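Numbering-wise (full-length UniProt numbering), the sequence shown opens with residue 1 and increments by one.
These are calculated hints, taken from the structure and not from any lab test.
These figures come from a predicted structure and were not determined experimentally.
Incorrect hints may appear among the rest.
[To be verified] The list that follows gives simulated cross-link-like pairs (lysine-lysine, DSSO-like), each with its CA atoms no further than 27 Å apart:
#1 Lys43 <-> Lys129
#2 Lys71 <-> Lys56
#3 Lys58 <-> Lys158
#4 Lys71 <-> Lys31
#5 Lys31 <-> Lys58
#6 Lys129 <-> Lys56
#7 Lys129 <-> Lys58
#8 Lys138 <-> Lys219
#9 Lys71 <-> Lys43
#10 Lys58 <-> Lys71
#11 Lys58 <-> Lys43
#12 Lys43 <-> Lys31
#13 Lys56 <-> Lys43
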Amino acid sequence: MIFINFAQLMVADIPEEGLMNLGNLRSFTFKELQYATDNFNSKNILGTGGFGNVYKGKLGDGTMVAVKRLKDINGTAGESQFRTELELISLAVHRNLLRLIGYCAAPVERLLVYPFMANGSVASRLRGKPPLDWNARKRIAIGAARGLLYLHEQCDPKIIHRDVKAANVLLDEFNEAVVGDFGLAKLLDHADSHVTTEVRGTVGHIAPEYLSTGQSSEKTDVFGFGILLLELITGMRAFEFGKTANQKGAMLEWVCSLSIRNLLFCVRVT
1 MIFINFAQLM VADIPEEGLM NLGNLRSFTF KELQYATDNF NSKNILGTGG FGNVYKGKLG
61 DGTMVAVKRL KDINGTAGES QFRTELELIS LAVHRNLLRL IGYCAAPVER LLVYPFMANG
121 SVASRLRGKP PLDWNARKRI AIGAARGLLY LHEQCDPKII HRDVKAANVL LDEFNEAVVG
181 DFGLAKLLDH ADSHVTTEVR GTVGHIAPEY LSTGQSSEKT DVFGFGILLL ELITGMRAFE
241 FGKTANQKGA MLEWVCSLSI RNLLFCVRVT
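Assemble the whole structure, with the sequences as input and the hints as a guide.
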């Protein structure tokens with residue numbers, strides 16, 4: 001049984017004014033997405049983070065979707081992520097980039113609706129069963145690279161993702177890599193070398209120069225992609241490797257230590 005606060009629902013379904021031209025994106029009511037996710041049932045949570053939760057949902061026509069319900073919409077973070085993803089989706093359309101189906105904009109809610117990715121994220125599959133074979137890992141790496149190349153070279157202005165990591169690379173029903181989560185992305189003119197912002201991202205995946213200066217560029221994404229490659233090759237996550245707690249640390253430092261000792265051939269593929 002679903003209990004709904006209808007007083008809140010009536011307010012939530014009032015469209016927010018001032019949104020940009022959203023083309024073919026579908027505008028959902030809060031009520032539609034509430035029903036689709038079984039009232040945002042915790043059993044339907046696909047992922048969670050500082051932005052809020054992502055829920056598995058089923059639309060009235062049977063389409064399976066992933067619904068991102070943003071928090072802190074009264075602050076700057078939630079609203080900024082919402083508008084960033086809406087704006088960038090009109091620029092970035094590619095088979096290896098997560099497309100946006102629609103959105104819900106209301107005075108008390110901000111939600112984004114994406115296709116449901118049947119095979120989850122690369123992060124969830126690194127230790128999942130059955131394990132990814134080498135051909136699958138190679139295909140994922142190539143797909144993610146194509147998506148990032150499109151953002152950097154074919155979009156005008158170019159798009160800097162700023163949070164490239166295994167958790168943000170999703171896998172469709174064919175295990176094709178789809179780069180998602182553009183909440184931290186920034187636009188950069190092709191004539192500019194970098195954009196300076198507050199440092200945001202995930203520890204272990206942030207480029208050193210970005211961490212120290214706040215300056216990000218496509219090179220920032222290339223660093224994150226390099227960490228993703230190491231995760232794919234080793235089967236280990238950036239901060240989750242080593243047989244004991246004392247051995248755990250940043251993957252990059254570990255690989256650098258192997259390189260110094262000429263022991264890179266010892267890296268184990270799991």
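How the hints compare with the structure:
Taking the CA atoms of Lys43 and Lys129, the gap is about 21 Å. The hint holds against a cut of 27 Å. A distance of roughly 17 Å separates the Cα atoms of Lys71 and Lys56; the hinted pair therefore holds under the 27 Å criterion. Under the criterion of a C-alpha separation no larger than 27 Å, the hint pairing Lys58 with Lys158 is inconsistent with the structure, at around 34 Å. Taking the CA atoms of Lys71 and Lys31, the gap is about 17 Å. The hint holds against a cut of 27 Å.
Proximity of Lys31 to Lys58 is assessed by CA-CA distance (about 13 Å); at most 27 Å being required, the pair is judged to hold. Taken as a hint, the Lys129 and Lys56 pair is honoured in the structure, with Cα atoms around 21 Å apart against an allowance of 27 Å. Annotation: proposed proximity of Lys129 to Lys58 holds, straight-line Cα distance about 25 Å (limit 27 Å). Taken as a hint, the Lys138 and Lys219 pair is honoured in the structure, with Cα atoms around 21 Å apart against an allowance of 27 Å.
Taking the CA atoms of Lys71 and Lys43, the gap is near 19 Å; set against the 27 Å cutoff, the hint holds. Annotation: proposed proximity of Lys58 to Lys71 holds, straight-line Cα distance about 21 Å (limit 27 Å). For the hint pairing Lys58 with Lys43, the CA-to-CA distance comes to about 14 Å; that is within 27 Å, so the pair holds. For the suggested pair Lys43 and Lys31, the alpha carbons sit about 19 Å apart, so the restraint of at most 27 Å is met.
The hinted pair formed by Lys56 and Lys43 meets the criterion: a straight-line CA distance of about 9 Å does not exceed 27 Å.
The structure shown violates just one earlier hint, number 3.
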